[in-house]
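> Can you build the whole structure from these sequences, using the hints too?
Number of protein chains: 2
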Amino acid sequence: MSKKVINAALLGLGTVGTGVYKVLKNQEAEMEKKIGATVKLKKILVRNLKKAAAKIAEPEILTNNWKEILEDESIDIVIEVMGGIEPAKTYIMEALKAGKNVVTANKDLVASHGGELLDCAAANQCDFLFEAAVAGGIPIIRPLKQCLTGNHLSEIVGIVNGTTNFILTKMTQENMEFADALALATKLGYAEADPTADIQGYDAGRKMAIMASIAFNSRVTFENVATEGITRISSKDIRYARDLGCVIKLLGVARNTDTGIEVSVQPMLVSEKHPLASVNDSFNAVFVHGDAVDDAMFYGRGAGELPTASAIVGDVFDIVRDILFSCTGRIRCTCYKTLPIKNQEDIESRFFMRIHASDTPGVLAAIASVLGKYEVSIAQMIQKHKHEEWAELVIVTSRVKEGNFHDALLVLEKMEVVQKISSVIRVYGEEE
Amino acid sequence: MSKKVINAALLGLGTVGTGVYKVLKNQEAEMEKKIGATVKLKKILVRNLKKAAAKIAEPEILTNNWKEILEDESIDIVIEVMGGIEPAKTYIMEALKAGKNVVTANKDLVASHGGELLDCAAANQCDFLFEAAVAGGIPIIRPLKQCLTGNHLSEIVGIVNGTTNFILTKMTQENMEFADALALATKLGYAEADPTADIQGYDAGRKMAIMASIAFNSRVTFENVATEGITRISSKDIRYARDLGCVIKLLGVARNTDTGIEVSVQPMLVSEKHPLASVNDSFNAVFVHGDAVDDAMFYGRGAGELPTASAIVGDVFDIVRDILFSCTGRIRCTCYKTLPIKNQEDIESRFFMRIHASDTPGVLAAIASVLGKYEVSIAQMIQKHKHEEWAELVIVTSRVKEGNFHDALLVLEKMEVVQKISSVIRVYGEEE
Chain A
1 MSKKVINAAL LGLGTVGTGV YKVLKNQEAE MEKKIGATVK LKKILVRNLK KAAAKIAEPE
61 ILTNNWKEIL EDESIDIVIE VMGGIEPAKT YIMEALKAGK NVVTANKDLV ASHGGELLDC
121 AAANQCDFLF EAAVAGGIPI IRPLKQCLTG NHLSEIVGIV NGTTNFILTK MTQENMEFAD
181 ALALATKLGY AEADPTADIQ GYDAGRKMAI MASIAFNSRV TFENVATEGI TRISSKDIRY
241 ARDLGCVIKL LGVARNTDTG IEVSVQPMLV SEKHPLASVN DSFNAVFVHG DAVDDAMFYG
301 RGAGELPTAS AIVGDVFDIV RDILFSCTGR IRCTCYKTLP IKNQEDIESR FFMRIHASDT
361 PGVLAAIASV LGKYEVSIAQ MIQKHKHEEW AELVIVTSRV KEGNFHDALL VLEKMEVVQK
421 ISSVIRVYGE EE
Chain B
1 MSKKVINAAL LGLGTVGTGV YKVLKNQEAE MEKKIGATVK LKKILVRNLK KAAAKIAEPE
61 ILTNNWKEIL EDESIDIVIE VMGGIEPAKT YIMEALKAGK NVVTANKDLV ASHGGELLDC
121 AAANQCDFLF EAAVAGGIPI IRPLKQCLTG NHLSEIVGIV NGTTNFILTK MTQENMEFAD
181 ALALATKLGY AEADPTADIQ GYDAGRKMAI MASIAFNSRV TFENVATEGI TRISSKDIRY
241 ARDLGCVIKL LGVARNTDTG IEVSVQPMLV SEKHPLASVN DSFNAVFVHG DAVDDAMFYG
301 RGAGELPTAS AIVGDVFDIV RDILFSCTGR IRCTCYKTLP IKNQEDIESR FFMRIHASDT
361 PGVLAAIASV LGKYEVSIAQ MIQKHKHEEW AELVIVTSRV KEGNFHDALL VLEKMEVVQK
421 ISSVIRVYGE EE
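Order-wise, the sequence lines are chains A and B. Residue 212 in the UniProt record's numbering is what sits at position 212 of the first sequence, and the numbering runs on without skipping anything. Residue 318 in the UniProt record's numbering is what sits at position 318 of the second sequence, and the numbering runs on without skipping anything.
Read the hints as simulated data drawn from the structure, not as lab findings. Each statement offered as a hint is correct.
Identical chains share a label here; the pair holds if one copy fits it or two copies do between them.
As a list, the in silico BS3-like pairs of lysine-lysine whose alpha-carbon atoms are at most 30 Å apart:
| no. | residue 1 | residue 2 |
| --- | --- | --- |
| 1 | Lys-145 | Lys-40 |
| 2 | Lys-50 | Lys-187 |
| 3 | Lys-337 | Lys-25 |
| 4 | Lys-97 | Lys-25 |
| 5 | Lys-145 | Lys-25 |
| 6 | Lys-97 | Lys-40 |
| 7 | Lys-22 | Lys-55 |
| 8 | Lys-22 | Lys-34 |
| 9 | Lys-414 | Lys-373 |
| 10 | Lys-337 | Lys-33 |
| 11 | Lys-34 | Lys-342 |
| 12 | Lys-25 | Lys-342 |
| 13 | Lys-34 | Lys-337 |
| 14 | Lys-337 | Lys-40 |
| 15 | Lys-33 | Lys-89 |
| 16 | Lys-337 | Lys-4 |
| 17 | Lys-342 | Lys-33 |
| 18 | Lys-337 | Lys-42 |
| 19 | Lys-145 | Lys-33 |
| 20 | Lys-236 | Lys-273 |
| 21 | Lys-4 | Lys-33 |
| 22 | Lys-22 | Lys-337 |
| 23 | Lys-4 | Lys-97 |
| 24 | Lys-50 | Lys-89 |
| 25 | Lys-22 | Lys-145 |
| 26 | Lys-89 | Lys-22 |
Now the structure itself:
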């Protein structure tokens, strides 16, 4: 009996591409029995043929000419792991139009142009899968699109950036300051040379846009996500959070409310009792709430050569099954609603803040009175340090509209008794 | 445009059946846009028509005659939530042979007869899905069968019984003894009137058999799983475990080793640092290790009306997509290997034990010498309590063949200086 072979092409042979190459090799002997056919990497697109040749056993499959792949009708699956918007987007669109199925790990692309790409895939009855674009090796796209479709999902909360979670874990467990923890992350290879996208929350924002779109059946793009990074978090904030029974995590939060979708990424205080609080180091996790499933959480490696390749090869194998059953394109875009995205100032949050204020009678009353005027109720107020002339106050508010809170902050900052507002950090969850 | 309707029948209208009915109602308005068709419950099979009529809005769809469903060619999906082996097995086989796709939550059936049922489904090009049979609402079957297929999975560790996890959590957090915690679980509805299957580990054993089969691509049935319950765990064991930095959990452990599959369910000490240690109350979690994905964990509600229905409806919706794309049967049995199952005595484990021994010189040496004779190395030995004539010793062993350990125990028990061996509990994981 002749062996059934399905040809694939890999675009890119960086860390993730090399991982895909390795995982396909590791699975080669069992593929036919497992999924009904063997996936053969027929071509690998690279920029530098010479550099790439050192990485693989069959340098003859390397090419720097996209047309060689696009025009090869025997190639049914294109695996894009180049990253960036262009030329990835053009290549993927061309591949789909040529009837090739596509797997990508490209969160930038899916978060900004996912709708267009999914429409193109549907028009050409192709699969367009991107499990690896969110939370690396953790199965989350397929669970959201298939396992949990019987739910109205109301909330997705994610620790979906390993770099920042590593930094915050070091700041928490070893009392490091942000700059030192970032330097360590860079040294250990957890942070890129330019860490902006990670530490400013952009990377997490892209993943939240993708998950929110799927979970709420309404398109959310990266441009809709309000992002705030972790650069202003200090080890003092973390110590004070601990006194309140909390840790500080960079959380992506997406909520489907009656008045629209809320979606943001920011550092937040999380109760130590919440399952997300014990997600440490470079691990990622996504916490989901639905009307039927209640709470569920998915935990694992959010990045890395082999974990990301695990997700990509899972997608490739699913496409093989679809090809063998002539049902490519069976899971399509599920954004059949057009829900409004709420403005950040209309979102309700709880806040933690640290204020340096004069240590004179009536100061607390004055601050409380300003907050009250803007409908900010105080849930907790603790005087932390008393110096000669000023005291450090920690205030945790009840749930309040962000707009109101920020209006109150503007007034507080101008008060003569307020020396400075040294931290403002949101608090996740309801009051206990 | 006429609305596309796919007819389904529900077998059973107990807790889970009612949940499925509710979740389908909750999704009715969106189904067509979400999955391309509306699922209509055309018939519900019940024993007591009158009792069931009170539960639903359309009592006319109730029947107590299976033939009415089997012979109705317009019914494409059968959802079995009766539980038990018969008549569930006969009904499912008949449904598959009639070309109907089947969803079941029946772990007893899948754990003992899964191979036969999957073969029957494949022969008839039908889907046979059972996401709800393991860990309730937690997506785990689809992740194992699809998302993680690019891995050689080497280990599955699960807290997959909510009743026992609730009991152990109460014993840990409130120092309750087993009998009191069980009574509380019964009162709160977490334990059934006859709790045997839960507290003896049989229920968890069934789920481990199903997951091991899928993860290791080799059939494991419930009969292959060594099970030990939690009835002998005392609050003292839990306190001593805490002193060692551990909690006690009922763990299902399945390992794919070079010499065969190990699969068992038993109470175990787990390091407080392990993600499974903070899975409390009636929550379930499944921890997976693979060569590509590294560690991953899936957490959520392992039982209950709506969480279980969430998993079932996810399967039903997947079948709808397969029907619309004419590809039912695309995910088949993946047990293409026949790996040996190791005997329990050949498995290597670490052990925690409490021994009451005479408080006389040379006792420790005598005990250590017996253990050494059977190749049991001592990793830790702590003298806990000294009474007038005896002392309580806590011993934690290194990894040892279970057979050797049990041979050593037989000798220890007969030693004059040993008053009793009050606990023997396995320890999860490697020495730190």
